[in-house]
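Residue-level listing of the chains:
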Amino acid sequence: MDELELLKNSWKKTQNNYPLYNYEELYKMIHKRSTSIVKWILIISIIELILITALDIFINKNPENDAILNKYHVYYIIKVLTYLHYFVILGFIYTFYINFKKINVADNLEKLMSDILFVKKITNYYIIYNLIVMAVTAVIYSIGAMMYDPVINQMVTNKNKLMLYIGFGLGLVFSFSVLISCFYLLYKLIYGRLIVKLTKNYEELKKLKL
Amino acid sequence: MNRDLEKKFIEQLKENQNIIHKVCRIYTTDQDSHKDLFQEISIQLWNAFPKFRGDSKFTTWAYRVSLNTAISLYRKNNRSINTNTFDAKQHHYIESLDYNYEEEEQLKLLYQAIHSLNDIEKALILLYLDDKDYTEIAETLGISEVNARVKMNRVKTKLKKILNP
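Sequence order for the protein chains is C and Z.
Start counting the first sequence at 1; every next residue gets the next number (our numbering).
Start counting the second sequence at 211; every next residue gets the next number (our numbering).
Next comes chain Z alone, as it looks inside the complex:
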C-alpha cells in the first residue's frame, strides 16, 4: 500500500516539478540552494501527502506547500546576498532557450529585482507572474482580498522602480 502511495506520489511530483522549480528560482540565488530548497519542499510534500485528500488539485496543493516551505520552514538563508553574482549560465536551462538576447537580459534583470524583495513580496510577485486571481492569492497567504490587492499594487510599483532606477 505504502509502496503504491509512494509511486503515485513520485509520479505526480515528477510531472509537476516545475511548480517547485519556479518557487526555488524566486527564493534562491545559486544552484546549490536551489537544489537544497527543492529537496526540502519534496520532503514536506511527501510528509503531507497522506493528508492530501484530493479536494483541491495536486498542483494547487503543491504550489501552496512549496511557497509555505520556502517562506516559513526553510532554515538556510541564501549564501550570497549580492544578487548580481547570479549567473544565468549557472541555471543552464536559460541557455537551452531559443529566444532573443534582449529578452534574456530582461529576465535576468527581473530576477535580480525580485531577489531584492522580502520573502512576502516575492510570494506576491510569484503569484502575479503565475496569473493567480486575488481570491487565490488571499487564500494562499491568509490575508483579505482587499489587502492582497493593495499590497500587490505596491509591490508592482516597487518592482518597476527597481527595474527603472
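Isolated chain C, as found in the complex:
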C-alpha cells in the first residue's frame, strides 16, 4: 500500500477527536465580528470614496472658484465636466455595490477569489479616474490662466512665452508625479499587507490552469 494511503487511514482515525465546542460557545462565536479581507476591502473602499469625493466637493465649493472660472473663460466646460463627474461617481458606487453583493463565500474558490479581487480593482479604477480628472481640470485651469490671467499676461512677452509654457507644463507634471507617488505609497501601505496572501493564492491557483 502506498505510504500516503497509510497516512490517510491514520488521519481518518483522528478526525473525530477534535475538542468540540458546545452550543453556547458556537452561539457566542457566530455573533463575533468578522475580520475577513472582504470586510476590510469594503471599509477601506468606503473611506476612499468619501475622502476623494469630499476633496472634489471642497475644491468645487470654493466661493472664489466661480469667479476664477469666469475670469479664465472656462466656466461652462468645468461645470459640464463637474456634473458629468458626479454622474460617473454614482456609476462607480453602483458598480461597486453590485459586484460586492456578488461575492459569495460558497462559490468555487477560483470564482470567489476573482470576485473579491475585482471589487478591489473597481476601487483602484476609481482612484485612477479621479487622478485623471484632477489632471484634466488642472490643465484646463492652466490654459485659462495663461490666456486670460492679467497678471500672467503682463509677465508674458513674446520672447519668454515658450519658456512660460514649458515651466507650466513641468510644474504640472511634477505636482502630479508627487501626487501619484503619494497615492501609490498609501495604497501599498493600506492594501499591501491586506491582500498579499489573497493575490499569492490566486496566482497559485491560476498556475494550476496552465
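Since the hints were derived computationally from the structure, they do not count as laboratory data.
There are no misleading hints in this set.
Now the stretches of chain C that chain Z is said to cover, found in silico as 3 or more residues with beta-carbon under 8 Å: (1) 12 to 21; (2) 25 to 39; (3) 96 to 106; (4) 111 to 117; (5) 200 to 206.
Note that the structure is predicted; figures quoted are calculated from it, not measured.
Every residue gets a Cβ at the ideal spot worked out from N, C-alpha and C, and that includes glycine.
On the provided structure of chain C, position chain Z as indicated by the hints.
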C-alpha cells in the same frame, strides 16, 4: 423566525464542526490561530446560511465555505512559520487517542509536511485525505478535472519527498 433559523444553524454547525476543525488543523499551526480561524469560518457560514438552499448537503456546503475562508478571506497569517514548533500536545485531542506511538509520530510528520505546502496545495491534500473524487475537487477549486488530476499527482509526489528527504 430568525431565532429558529439561528437555532437550526447552530445545531447543524455543532453536529458537523469536525469539518471546520479539519480545515483549521491544516491551515494553522497553533491553537490560538486554530480557534481564530474556526471563529471566522463560523461567522462566514452564519452570514451565508440564509442563502443556503439545501440543494447540496450541509456538509458539502460547509466544507466549501470553510476552505474558501481559510484560503481567501482569512486575513491573519500564522504567527510562526516554523512548523517544527507545533506540539501535538497543544492539540490535546491527539493525546486522547489509544493508537500506537509510531502512528502518532507519523501523523505529526504528515502535518509538518503539509504545513510546508502553499495554501492551494494544502487544499488539494485535504481533499485527497477526505477521499473526494476529482469531479468534486475540480468543482470546489474551480479548475478542470484534468488540471486537478495532474496537480494532485504533483502535490502527492512533493509531499512524499518532504516526508522522505
